[in-house]
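A.B. asks: Given next are the chains, with one letter for each unit.
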Amino acid sequence: KNEVEQSPQNLTAQEGEFITINCSYSVGISALHWLQQHPGGGIVSLFMLSSGKKKHGRLIATINIQEKHSSLHITASHPRDSAVYICAARERRRSGGGADGLTFGKGTHLIIQP
Amino acid sequence: DARVTQTPRHKVTEMGQEVTMRCQPILGHNTVFWYRQTMMQGLELLAYFRNRAPLDDSGMPKDRFSAEMPDATLATLKIQPSEPRDSAVYFCASGLEFEGTPEAFFGQGTRLTVV
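The listed protein sequences derive, respectively, from chains A and B. Per this note's numbering, the first sequence starts with residue 1, numbered consecutively. Per this note's numbering, the second sequence starts with residue 115, numbered consecutively.
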């Protein structure tokens, strides 16, 4: 069973700070997702990655397959970045066909203060 | 503006009643996911469809939950009979997958309260 751990659980930072959220998982995966859930509850898919690094605006996601670890970075953080960030690991199943299992972390609650 | 549409947004029902949640995926997407989010468990994957065929519903309690895609524009999640522990926010997401794993676009969710 894949275990997905996120750290920190809660993070409060000042506007402009560089933010790092970590995600580690325990089994081989085919992809890792980073999701953002806003205070109103809406969920946005930020990244899906299976190797290396992706960048979108001020957000950067990296993954190290050997170490079973991914990080989400936010540069020049802003109060509107305040949200819960969730990583989800898609487990690679050995049997052919079917869907790969998806396991979610508990989320990191980020607050950016002005 | 393409988006995943879920109805209803809120539902309050009595224990034992049937609940049906609907999802209209983004036109052209070939994968649909149903997720449930609670304070205790966080997000959980309930079911996953590709090209309208159910690929994985191992996260769904089979005795009372059922998920279907009667056509490419509609996915449904039914609970019969509903129980208070089913109270949660249910999200639908759709994506486009040819090979490998898809990115997913989420609906606004259906907040279900079973009393």
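Hints listed in this document are in silico derivations from the structure and should not be mistaken for laboratory results. There's no promise every hint is true.
Said to hold, decoys possible - Okay, derived cross-link-like pairs now, EDC-like style, lysine to aspartate or glutamate, Cα gap no bigger than 16 Å in a straight line:
#, chain 1, residue 1, chain 2, residue 2
1, A, K68, A, E17
2, B, K192, B, D177
3, B, K192, B, E182
4, A, K106, B, E158
5, B, K125, B, E158
6, A, K1, B, E128
Just so it is clear, the structure is predicted and the values come from calculations on it, not from any experiment.
A.B. asks: Assess, step by step, whether the Cα of K192(B) is no farther than 16 Å from the Cα of E182(B), and give holds or violated.
C.D. replies: With a Cα-Cα distance of about 9 Å, the restraint between K192(B) and E182(B) holds, given a limit of 16 Å.
A.B. asks: Against the 16 Å threshold, does the CA-CA distance of K68(A) and E17(A) hold or violate the hint?
C.D. replies: violated, 26 Å
A.B. asks: Mind checking the alpha carbons of K106(A) and E158(B) for me, to see if they're no more than 16 Å apart?
C.D. replies: Distance ~10 Å between K106(A) and E158(B) Cα, so the pair holds.
A.B. asks: Going straight from one Cα to the other, do K192(B) and D177(B) come out at no more than 16 Å?
C.D. replies: holds, 11 Å
A.B. asks: Does E158(B) sit within 16 Å of K125(B), going by the straight-line distance between their CA atoms?
C.D. replies: Outside the cut-off at roughly 20 Å; violated.
A.B. asks: Holds or violated: K1(A) and E128(B), Cα atoms, limit 16 Å.
C.D. replies: Violated. K1(A) to E128(B) sits at ~35 Å, over the 16 Å cutoff.
Hints 1, 5, 6 from the list above are not met by this structure, while the remaining hints are.
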